[in-house]
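> One-letter residues, chain by chain:
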Amino acid sequence: MKTAAVATALGLTGEPSFSQAKEEYDLAVISGEPIAATKKALEVMGGLSRFVKKGARVLLKPNMSFATPPERASTTHPLVVATVAQACIDAGAQQVLVVDHTLHRPELCLERTGIREACKPIKGCHVLSVQERKFFKETKVPQGKVLDRVEVVKEVLEGYVLINLPVAKSHSTTGVSLGLKGLMGLILDRESFHSQYNINEAIADLATVIKPHLTVLDATRALASGGPGGPGDVKKPNLVIAGVDPVAVDAYGVSVVPWYGQHVKARQVEHLLIAHKRGIGKIDIDDLKILREKA
Amino acid sequence: MRSLIQAFSLLLFSAFFVLATYGLPDWIPADLYLRLDPLLGLNAVLAAREVIGRALWSLITLGATLVVGRFFCAYVCPMGATIDFLDLLFFRKKKRSPLKKEGSLRKVKYVLLIVFIACALVGFSLVYWMDPIALLTRIYTFVFYPLAVSLINLFLDLLRPFFRVLGWVSLSHLHLMEPAFYMATITLLILAGVIALNRLAPRFWCRYLCPLGALLSLVSPLGLFRRKVSERCNECHQCARNCPMGAILENPRETAHPECIQCRTCRRVCPEEAVSFPPSLPAGGEYSSVDLSRRGFFYSLAGGLTFGLVASKTPFKPLEGKHQLIRPPGALPESEFLRTCIRCGECMKSCLTNTLQPSLWESGLAGLWTPRLNLRLGPCEQNCNLCGRVCPTQAIRSLSLEEKNHAKIGTAVIKKEVCLVWAQNKLCLICDEICPYNAIVFRPLEGYRRPVVIASKCNGCGFCEQRCPVKGESAIVIVPNGEIRLKDGSYIKEAKRLQLEFKPDPGDDKFILDESGFEVEEGKKESEPPPSPKGFLPN
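Protein sequences, first through last, are from chains A and B. For the record, in the first sequence the residue sitting at position 111 is 111 according to the working numbering, with numbers rising by one throughout. Adding 295 to a residue's 1-based position in the second sequence gives its number in the working numbering.
Misleading hints may appear alongside valid ones.
These stretches of chain A come out as covered by chain B in the derived footprint (C-beta under 8 Å, 3 or more residues) [unchecked claim]: (1) 54-61; (2) 121-133; (3) 169-176; (4) 268-275.
Simulated crosslink set (DSBU-like; lysine-lysine; CA at most 30 Å straight-line) [claimed, not checked]: (5) A:Lys236 x B:Lys798; (6) A:Lys145 x B:Lys721; (7) B:Lys721 x B:Lys782.
Just so you know, these hints were derived from the structure itself, not from any lab. Built from N, CA and C at the ideal position, the CB exists for glycine as well.
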């Protein structure tokens, strides 16, 4: 990762000028290089100032759970993360935390994913891994089917603006791992989702308490098989997909590549279907207003 | 002046110790002090019966001792510094009367030295028990390091509210991984013992027990600097009372040169300024003060040889070829490994995942304190090759990352009777999900998709064993079967020759595509339309 190059590229951001289209589209689907596509996607969603007010504190949740390099596609592209982080600062955020509860050793994850280095030049942005119970807080899940209570990263409950930055990848248990599945990176006990609960119900339960203000799905690369950790078949859709509705973003994400060599529909992803049925978001992308553009 | 150099040396030792962790730059020899220890070098070379490159560094210490004398103990030895420091802390004001059997106690260290070397000669490594540098590194690893980290974390926890208020985000979220080791309390007791002995005499350890001190004292009388007392001496015995080594005899004009560590305390305390350390050519006959009779020498030698031979005639010896422990990647073949390893604990200190733990009795006395992997505790991380890089005797070979990842340490075996999928038909894929090499695949067997291990792709890293959600012993364990242990040569080539492939590649997901859902209905395979991939609902 060339830090200098990132810094220059990010420096060109300035204020988002695209404001007429504010809240007009449900989804922005932008093709292009990570930085340009991310910027454009944010613009189409009405600019980050729509979500991040002056002095706001922001929690970015990329996937940096694995100590693997960006080309392996099991983690969010560092440039997507850095672009959003910079945009938050530009929108006046006083503090941007980039947080994940990693599966591999935290220092390795921050280093190998390239995310720490990409975010280094951004003042006010902190890349952190939280593993210890003291950084989590228990919350009730009133609408939970299988989850009664869950311990989530404190900041989620402390009024931080949450922006989810998942990567598009396959997942051996849940089919795909996109935005909703990625929220598992904000809880303490991820293991029990696998061993104790029906994981698809649990993910939908979690989505009732952790509600990202915006989801920016990094499909610049997609790990079409071998997920979540890879190695696997890495496709290059070169897409960044942004939206407020977490289910809709994921539903679109399902359509961008064939998973394990097959085209699947969003309704075939059990946790998305459950979330849709529970009214967390819309799964049928044909009914949505989508702007497809090149960056 | 001496205290300053000594403190600096201890600091340097500690700095190297701290640096022996992930991110260690290639040019820093973190195991420097262990390399400089001639006793460890000699022991490893004798026991392994071959020249070990890193052990040659200890020739520097030997050479310097030949020239200067036994300065190492007073200026360089971090164990000496630790003892001096803690002595100052605990026993400064205690009156210590001379020990009764001084003379025979002094022989103990020579007896120990001979016993250890005799054991090494028959290929049984025992010196780690008492070599001060190995012992101190172990004490640092198992006692000071975990203690320091938990104190830092405690401190961070206390200050966390302030950090939050001040908006110091990184500090308010800082938590250091707390290392944990077996044998920690035993090691603490050993340290306590070494320090407690100081109650009897200052530097009790150095005077009477230290085998490295014994080795250096054999060389030191040839040194250039030696204590001289001038005419001015009025026999006030100040020097004798203050000598930390008790190296000044009845007649304060005489010195037991092999015991003198050149700390020059005597010169400092002499009211008449009668003591000096001028360079002079060594006179002969000094060895007479190494007061070990010929009989004593032969008894020790015979005792050591006997002990070494008997200790290696336990069932552990013939079982070495079938050993049960998972050794670090790059560890020499088991027998050579046991002989060469000096149990300093440096590999365990540097281990990124804390999986390296000291053995207790699992491989007998010969395997005490040797590193083994506890894969339930942590996996062996592919991006880390530190254990070999910091090994002072190269009992674990220093390998490049790629070589290291080909040094297969074992093979995963699924215990079907406890595996959630095999035994209970549950939906669990954690081992498959976490495996970095796609060595675990799901195949339709007995009506369900079941995980199976492809042994030729498994290098034993143990992510599966660590992550398995079954309580207690994992349902997938790494056994040493299939491990590659090479004395020399390339692990990559050996792995190729054995037709193993640890390359992360897109894997074996075609098997996953064979069937839809988790449950497989047998016999329906052919007639059905193409099923959904694993994890998806049917279309």
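> Give me the numbers of the hints this structure contradicts, sorted from smallest to largest.
Result: hints 1, 7 break, sorted rising.
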